[in-house]
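Engineer: Protein chains in written order, with numbering that gives the first Met the number 0: chain A, 0 to 213; chain B, 0 to 255.
Simulated from the structure, these hints should not be mistaken for laboratory data. A few of these clues could be false.
Computed cross-link-like contacts, SDA-like style, restricted to lysine to any residue with a CA-CA straight-line distance of at most 25 Å [unchecked claim]: (1) A:69 <-> B:214; (2) B:120 <-> A:176; (3) A:69 <-> B:213; (4) A:69 <-> B:221; (5) A:69 <-> B:60; (6) A:69 <-> A:159; (7) A:69 <-> B:99; (8) A:69 <-> B:235; (9) B:120 <-> A:3; (10) A:69 <-> B:48; (11) A:69 <-> B:34; (12) B:120 <-> A:174; (13) A:69 <-> B:218; (14) A:69 <-> B:38; (15) A:69 <-> B:55; (16) A:69 <-> B:203; (17) A:69 <-> B:227; (18) A:69 <-> B:224; (19) A:69 <-> B:226.
The structure displayed is predicted, hence computed values, not measured ones.
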Amino acid sequence: MTLDWHVIWEYRSDLLQGFVLTLQLSLVAIAGASLLGTLVGCLRASGGFLARRLTALYVELLRNIPIVVKLFLAHFILGIDALPAGIAALILHQSAYVADVTAAGLRSVPSGQADAALALGLSRRRSFSLVVLPQAARAMIPPLTTQYTQIVKNSSVVMLVALQELTFMTQRVEHETFRGLEAATTATILYAALALAIAAAMASVERALERRAA
Amino acid sequence: MTAAALQQAHRAPATRAQERLWRLLLLAALLGVVWSARDLRWAEVWASAGFLLSGLATSGMLALAAISLGALAAVPLALARMHAPAGLRHAVVMLIELVRATPELLVIFWLFFALPAVTGKAVSGWTAAVAALGLIAAAHLAEVVRAGIVTVPKGQWDAALAVGLNPRQALFHVVLPQALRNMLPALIAQLVSLFKATSLAYVVGVIEFFRAVSIVNNAVFAPYALYLTLAAVYLLCCGLLTWCVRRLDPDYLLAS
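Start from the sequences and build out the full structure, keeping to the hints where you can.
Structural biologist: Quick look at the structure:
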């Protein structure tokens with residue numbers, strides 16, 4: 000088995016371009032899934048009966064269908080363009096998991112905390128945003144880190160509708176030079192670097208939350 | 000969203016009337032879907048039922064093969080991560096973390112390229128897919144096994160030995176059953192995740208359920224009926240397994 004790393008240098012601009020698209024897709028999907036997921040999660044934990052049941056249905060429907068299936072439904076059945084379909088599939092898919100994380104985070108804050116805040120004279124809105132939410136947020140950081148890494152990983156499926164992200168580029172290298180192993184190894188390292196970057200960013204968010212709480 | 004609403008949610012469980020109303024709503028929604036789908040080209044789906052079922056069986060077997068392989072490999076990986084000397088331990092940690100950070104799709108491609116390079120001959124898509132999903136399962140389950148062993152209190156060991164069991168009996172009759180009980184939700188959750196990931200195996204030519212549906216659709220063009228079936232089947236299979244996870248541990252957070 001001989002490896003030829005020159006091919007990586009030759010295809011550096013393609014791989015870089017793919018990496019940038021992966022990064023962009025991931026950031027947009029992280030923002031979207033966080034917003035949507037948090038909203039659904041709050042309703043899931045503390046809405047009325049109907050809101051709780053509807054959000055539970057939302058989570059189960061979106062979580063139990065593979066992301067490729069959602070992507071193909073959006074692109075080939077509904078006829079949405081590849082890029083918006085990919086972003087929508089990524090956001091909808093992961094928002095279900097983020098909703099679960101949010102709901103669990105809110106449930107993990109003892110109800111006495113909100114009672115105490117209300118007893119001290121805080122308004123309902125302030126006791127939620129100043130007392131309950133910050134505590135929930137700290138509990139949410141580790142599972143959210145997992146979910147954000149998952150978004151980066153899942154962004155690779157959009158290559159199946161011909162979006163030229165990092166995994167797509169490894170296939171281009173394979174088709175043109177039969178050096179897929181080298182390209183896939185390089186891509187793996189880049190994905191791992193992204194996962195590390197997310198872990199580091201989330202760790203600093205966690206520290207900031209701790210400082211605010213202290 | 001207010002704290003009061005939050006409290007209310009904590010304190011007021013759903014009444015029986017609400018529960019009944021919800022079931023009625025769900026039933027109505029389901030009937031609505033069935034009613035609006037009545038004129039789709041179901042005859043074409045039915046005519047290919049055998050082929051679709053064999054695709055589904057392939058998906059199921061792929062997931063089961065991967066989780067068996069993963070579970071077998073996970074135990075030594077977990078033990079190595081906990082007890083091996085530093086060099087081996089770091090290597091194992093790096094392997095686990097690298098696999099967990101890599102997209103499933105890329106792991107499949109990677110093994111599809113790497114296995115022939117190692118063995119010297121071409122491998123089938125099935126072999127590459129089983130190896131890739133097995134590797135993914137092993138990396139995730141190694142963490143599950145580690146957590147499962149750690150959560151059995153040390154007192155359980157001591158007590159088992161104190162009542163006269165030998166270490167082997169203590170392991171098999173006291174510690175492992177408890178560890179397995181702790182691991183069960185995570186194990187089923189991993190199976191759900193793997194079953195969904197089998198839909199990616201078509202990229203190396205495996206005709207699993209997702210690919211089978213596409214093939215039938217290319218032949219008879221009944222996209223709505225076929226893709227509705229596709230979504231419903233995944234929903235049913237994964238939903239049932241997820242329901243088992245919920246029953247075992249209501250607070251379990253599914254990761255993927």
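Engineer: With a cut-off of 25 Å on the C-alpha distance, tell me whether residue 69 (chain A) and residue 99 (chain B) pass.
Structural biologist: 23 Å, holds
Engineer: Holds or violated: residue 69 (chain A) and residue 227 (chain B), Cα atoms, limit 25 Å.
Structural biologist: Holds: residue 69 (chain A) and residue 227 (chain B) sit about 11 Å apart, inside 25 Å.
Engineer: Compare the distance between the alpha carbons of residue 69 (chain A) and residue 218 (chain B) with 25 Å, and conclude whether the hinted pair is satisfied.
Structural biologist: 21 Å, holds
Engineer: Hinted pair, alpha-carbon criterion (25 Å max): residue 120 (chain B), residue 176 (chain A). Please report holds or violated.
Structural biologist: Cα-Cα ~19 Å, so holds.
Engineer: Quickly compare the C-alpha distance for residue 69 (chain A) and residue 224 (chain B) to 25 Å and report which way the hint goes.
Structural biologist: 15 Å, holds
Engineer: Residue 120 (chain B) and residue 3 (chain A): Cα distance at most 25 Å?
Structural biologist: 19 Å, holds
Engineer: Is the straight-line distance between the alpha-carbon of residue 69 (chain A) and that of residue 34 (chain B) 25 Å or less?
Structural biologist: OK: residue 69 (chain A) and residue 34 (chain B) at ~22 Å, within 25 Å.
Engineer: When you check the alpha-carbon spacing of residue 69 (chain A) and residue 221 (chain B), does it fall within 25 Å?
Structural biologist: 17 Å, holds
Engineer: Between residue 120 (chain B) and residue 174 (chain A), does the CA-CA distance stay at or below 25 Å?
Structural biologist: 19 Å, holds
Engineer: Is the hinted pair residue 69 (chain A) and residue 203 (chain B) satisfied, with a Cα-Cα distance of at most 25 Å?
Structural biologist: Holds: residue 69 (chain A) and residue 203 (chain B) sit about 20 Å apart, inside 25 Å.
Engineer: Given the hint that residue 69 (chain A) pairs with residue 159 (chain A), test it: the Cα-Cα distance must not exceed 25 Å.
Structural biologist: Judged against 25 Å, a Cα distance of about 12 Å means the pair holds.
Engineer: For the pair supplied as a hint, residue 69 (chain A) and residue 38 (chain B), is the alpha-carbon distance within the 25 Å limit?
Structural biologist: Judged against 25 Å, a Cα distance of about 23 Å means the pair holds.
No hint from the list above goes unmet by this structure.
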